[in-house]
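Visitor: Each chain, letter by letter, is given below.
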Amino acid sequence: MNNEKFLNTVKKAILEGNKDDAVQLAQRAITEKMDLNKVIENGYIPGIQKVGQFWEEGEYFLPELITSAECMKAAMKIMQPELEKAQIDIRSEGTIVIGTIEGDIHDIGKNLVASILSANGFDVVDLGADVKLETFIEKAKEVNANLICLSALLTTTMTGQKKLIELLKKEGLYGRFKVMVGGAPVNQKWADDIGADGYSENALTAVGAAKKLVEK
Amino acid sequence: MIKTFRPKLELLSNELIQKIMDEAYSILENQGVFIENEEALDLFQEAGMKVDPHSQRVHIAPQLVENSLSATPPSLKIYDRDGETEYFLGGDEVHFDPGSVAVTILDSETQQERKAVTSDLIRFAHLADCLEHLHFQSTGILSTDVSEMVSDSYRLYIGLLFSKKPIVTGTFRIEGFESMHRMLVVIRGSEKNLAEKPLAIFDACPSPPLKWSNLTAQSLIDSARAGIPSELISMGMTGATSPATIAGTLVQHVAENLSGLVICQLAKKGAPVIFGGCPVSFDMRAGTTPIGAIETMMIDSAYTQLGKHLNLPTHSYMGMSDAKVNDAQGGFETGIGAVLAALSGVNVISGAGILDFIRCQSLEKLVIDNEICGMAYRLIDGIAQRDNPIALDLFKDFAADTQFLVMPHTRKWYKEENTFPKLIDRDPYDIWVSKGRKSITARAKEEVENLLQKNPPVLPDKETQKTLREIMLSDARKNGMPSLPKIDLH
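Each protein sequence line maps, in turn, to chains A and V.
So the first sequence is numbered by the working numbering: it starts at 8 and just counts up by one.
So the second sequence is numbered by the working numbering: it starts at 1457 and just counts up by one.
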């Protein structure tokens, strides 16, 4: 298979959300000692970009979007050790620690956000649901995160977002880790009131919002 | 006289019902459910179920489900604050109540969402008390002028003060149950009286798929032991937190609700349980949870049918809208939902006043929805044979100038046959113009004020008020709130 054709197959696998193909092609790129940087830049990334475009145009809905994002993640996971070995540094958009606050076991919204952020080039550390506030901070320190993303679906756990910011202030870390909040009961006003750096209404706007916050 | 036919909606064939039941039982036995509550896990262990304490997964044998179902009352009664008026929950009886729980209120002046405070909760409870087609009230708005830690008990406190109606509520924290239960006991005089004449229903929502949190499992246990009916609110989101197909979501719905029912019965055999829910058809484009979607209503109607098949009282969140203001969408989604719910014979229909994915409560909408509920009640009353013969006598002296308006038969029956809504516009165009071209929202706004002024709230006696306040204040103080917002008790 010539190079152009191979890259198109990669693109197609991502676009169609075919996880087996996305992973096998990554494996093949490694076995055949292709330039992984090029495979990613000219195959996987254009694929996921096209997915984003289809979403914008109303062609793709959430299941397509998330499936493609998951394919991208799976393929990248295969290539990551090789990239590290070859000391190829794939430019990360930033490191994000994300989770749903203690007392809240709803994590559908958070999963969407984590998946989309990851597919868009962020290193995402997903702590899961029902996460203690201290754990967010410990993890953020450990991975030197740019951003902490807090999700809350319940009005009761929403206050945990406020508490985390208070905790950051107490530990003198407010500002070092930017904080983005989201979840059904959360809005921009709440974000402003509690001193969060950012707010996102949904998974798609989260990408833009996260990029902006990391650049700051 | 021929017995009046009760119009009824059924979406599932018997064959499909059986298939859904079989799969739900199979999931409970083979995959099990997650229960993040030690006490509940112990109860399952004692009942001989396979429990993995580490993963908190419980496998529930069909026999235990069967036993729990036969222990559950097929119907129940709840009573108003005075303990005098009783409401039967069972069969195809229908009772509407306001939806809950909104985190904002639609401001009457600006028609924009804003945070609610105590005065809003008071007006909401008082208004619900005035609206005849809402049989129950609900603790349907969160007040932002009290600590979030006590927002569950505080909304019940306000509801008990300003409305006599039975109340649909629930806890947001495990400790919330104690003060809420104490308030209810104060109204009834003793724990025994409260258990005999329940005043409140406690909602408890499993977290889809197939998980009961520590809080919600505890609410089931505590309510069961106090004789408070638990409303099981399974809330799958098609294709997101439950299977994408409606039938698939129904399988999960039944499995989740049945596991909750078993917890209740293990805590207290014979505990009152209501088979309810708030599932939604997840919008794959917007990533939102539309309560006004026809598919959402289809799931609601269908699980109600399944609840009836299990011989249980039923509940549903229906008759609501995702519109952000009281516009045409607000009306038609609510109207369709309320009518379908009534036709499905849902015993408790929570939804009135709700906009914006259950985020927002509107008092204007509550008044409008009251009329929608009135229409739904009329519909399910059906078409009766009032006389025998039906009409032959009226045509005995039939002539070219026969006039029905003046017949005694007309005077006798027209008020029975028709409802007379106050807000719905039935004026000729010119009269509507002369009255100021008002939209239904504008008329509703006037009606809110009119009702609140004309009907002063009926408060509990002074002694009860004082005790309720003491319970609330003690709860608030324990949670770092030294005082409560001032309430004008007239």
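What the hints contain is simulated information worked out from the structure, not anything from laboratory work.
Being a predicted model, the structure only gives us computed values, none of them experimental.
Watch out, some of these pointers could steer you wrong.
[Stated by the list, open to error] Listed below are the simulated DSS-like cross-link pairs for lysine-lysine, each with C-alpha atoms no more than 30 Å apart in a straight line: (1) V:1868 - V:1878; (2) A:196 - V:1942; (3) A:92 - A:80; (4) A:177 - V:1934; (5) A:26 - A:84; (6) A:176 - V:1571; (7) V:1868 - A:169.
Visitor: All hints, please: hold or fail.
Guide: Against the structure, the hints:
1. V:1868 - V:1878: Given pair residue 1868 (chain V), residue 1878 (chain V) holds - Cα atoms ~22 Å apart, limit 30 Å.
2. A:196 - V:1942: Roughly 26 Å separates the two Cα atoms, so the pair holds.
3. A:92 - A:80: 19 Å, holds
4. A:177 - V:1934: Holds. Residue 177 (chain A) to residue 1934 (chain V) sits at ~24 Å (cutoff 30 Å).
5. A:26 - A:84: 12 Å, holds
6. A:176 - V:1571: Satisfied, since the Cα-Cα distance of roughly 26 Å is no more than 30 Å.
7. V:1868 - A:169: 64 Å, violated
In this structure, the one hint that does not hold is number 7.
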